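Take 1 as the starting number for the first sequence in the working numbering and just add one per residue.
If you're looking for bench data, these hints aren't it; they were derived computationally from the structure.
For clarity, every value in this text was computed on a predicted model and none was experimentally measured.
Relax, there's no trap hidden among the hints.
With a straight-line Cα cutoff of 30 Å, these simulated DSBU-like cross-link-like pairs (lysine-lysine) come out:
hint, residue 1, residue 2
1, 146, 222
2, 146, 74
3, 132, 182
4, 182, 146
5, 256, 183
6, 182, 256
7, 99, 314
8, 74, 182
9, 274, 13
10, 182, 222
11, 74, 192
12, 274, 74
13, 192, 132
14, 256, 222
15, 146, 132
16, 274, 314
17, 146, 192
18, 80, 274
19, 132, 183
20, 13, 256
21, 222, 13
22, 192, 256
23, 80, 182
24, 74, 183
25, 12, 274
26, 74, 99
27, 146, 183
28, 80, 192
29, 80, 146
30, 256, 12
31, 369, 314
32, 182, 192
33, 222, 132
34, 274, 99
35, 222, 99
36, 80, 99
37, 222, 74
Quick list of the computed label-pair ranges, beta carbon to beta carbon:
hint, residue 1, residue 2, range
38, 379, 163, 45 to 53 Å
39, 399, 448, 18 to 26 Å
40, 346, 399, 21 to 29 Å
Glycine is no exception: its CB is placed at the ideal position from the N, C-alpha and C atoms.
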Amino acid sequence: MGLVLYNSLNRKKQAFTPLDPQRVTLYACGPTVYNFVHIGNARPAVAFDTLYRVLRSLYSNVVYARNITDIDDKIINASKDLGEEINVISNRYSEAYFKDMAALNTLQPDLAPYATQHIPEMIRMVETLIEKGHAYAADTEIADQKGHVLFAVQSMPDYGQLSGRSLEDMLAGARVEVASYKKYAGDFVLWKPSSDSEPGWYSPWGRGRPGWHLECSAMIKKHLGDTIDIHAGGQDLIFPHHENEIAQSCCANNGKALANYWLHNGFINIDGEKMSKSLGNFRLVNDLLQQYPGEVLRYVILSSHYRSEQNFSKDLLDSAWRSMDSLYGFIRGIDSVEPLLNRDGAGYQALLDDLNTPVAISELYRLTKEVNQVSGKEQQDKIAELMGLADILGLLQQDPEQWFTQGRGGDEISAQEIEALIQQRHEAKQNKDYAGADAIRQQLLDQGVVLEDSRDGTQWRRS
RNA sequence: GGCGCAGUAGCAAAGUGGUAAUGCAGUGGACUGCAACUCCGCGAUCGUCGGUUCGAUUCCGACCUGCGCCUCCA
1 MGLVLYNSLN RKKQAFTPLD PQRVTLYACG PTVYNFVHIG NARPAVAFDT
51 LYRVLRSLYS NVVYARNITD IDDKIINASK DLGEEINVIS NRYSEAYFKD
101 MAALNTLQPD LAPYATQHIP EMIRMVETLI EKGHAYAADT EIADQKGHVL
151 FAVQSMPDYG QLSGRSLEDM LAGARVEVAS YKKYAGDFVL WKPSSDSEPG
201 WYSPWGRGRP GWHLECSAMI KKHLGDTIDI HAGGQDLIFP HHENEIAQSC
251 CANNGKALAN YWLHNGFINI DGEKMSKSLG NFRLVNDLLQ QYPGEVLRYV
301 ILSSHYRSEQ NFSKDLLDSA WRSMDSLYGF IRGIDSVEPL LNRDGAGYQA
351 LLDDLNTPVA ISELYRLTKE VNQVSGKEQQ DKIAELMGLA DILGLLQQDP
401 EQWFTQGRGG DEISAQEIEA LIQQRHEAKQ NKDYAGADAI RQQLLDQGVV
451 LEDSRDGTQW RRS
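Model the full structure from these sequences, guided by the hints.
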């Protein structure tokens, strides 16, 4: 079977056929860098990183772009709150983003374009849209309203196609007051004026900054082309963000489709509730990484299908950690072999079926069982297959020894102390002092260290 | 009001028109000085009520419950 993807455009699974098999293009919406990212931001990064890995297994040249939004009102507000320069904030948090995502074993995208480095391209696109009659500069002399350029949604017959709603429907439920400079209530901002204290760039409409949606359209056009294969992001971006990207790009590029496949990941909730500032239940990846290995977070994210909603909780993380332990426990002590992806294997086939990562993970377990049932060359092949599947999932990337001896947060007994106690226990055992040996075992267990005796000696792991 | 999603064992999570993968937890056993690891075994009729069908968890309808989007949002 070839790759099949669920396309939000028509709400169906479709066989994936790239425009150009020699250059497959994937674009995922990245974060606005005004703070550390939360676990919800990590989901698309991990899910579409997995897609990237699958695409690379199928095509020789895949170009994956994930943008950084480094100009936005949220950053401007953060700048005011913190009393720091915009670029200091955006630099700090974009760096943190790359670090956090690397901890989740996401591969570096081929391109990581920054909005602020594409202002001329954005201005050019706005000019094109005005020329073609799809956009207009606000017709007003009121000081703080002057300088807006808006996209005229009524100029685009198909507007609303991705989100599946008509203009009337959208306006019927509108929760926001309509700005007076809009000709039509549904029109959205392409360019807006900046005050002297706000960051801005000079444009034909005065000093200002781009609207939110524009950067993606401009950067895709510049780096990937007028029409790309796959555009991905969170479900909440379907409207308005992606709908508006489509409108801008399509109208600016003579009606060409912006993307042939649109993928959207579901939301992550915290203990049954949506993450929100008012509830104060944000889980920052950076914080979680203090307590859990990045692979555990990745495992959790991949353990449910990317389109379904996922409920995050401590229990889920702890249970995922134990699950990972059992996988690492299995490969601990076996000789490493060159990973080999089995393209006919159920795990890889599951990934080709709209990224069914839960099934792929279950195959990991099935393979470990199979390794036990065979021996010799056959066993080596199974191990290679296991690691090949793990590689494409971005799991089991650590050395098992390191995995079990890594810290698990908090004050912990050091490896040296553990080794010393193991030596003491060994001596006790030699003297048939089993009570003494057991006391040491219990003492370590109380400190979260489990001992495993074998013919070759004693292994330990933190639990 | 409009559009849309979900409800599967204690928890998590796949899946199929012909009586339901997998993981964690629990539990019985083998192994062990005792353990751990590992191995073998054990659990659900799939929100409710109807309909279609030889047969539905899987299709259709209604209902109940939870949730998302409707220009801040992954």
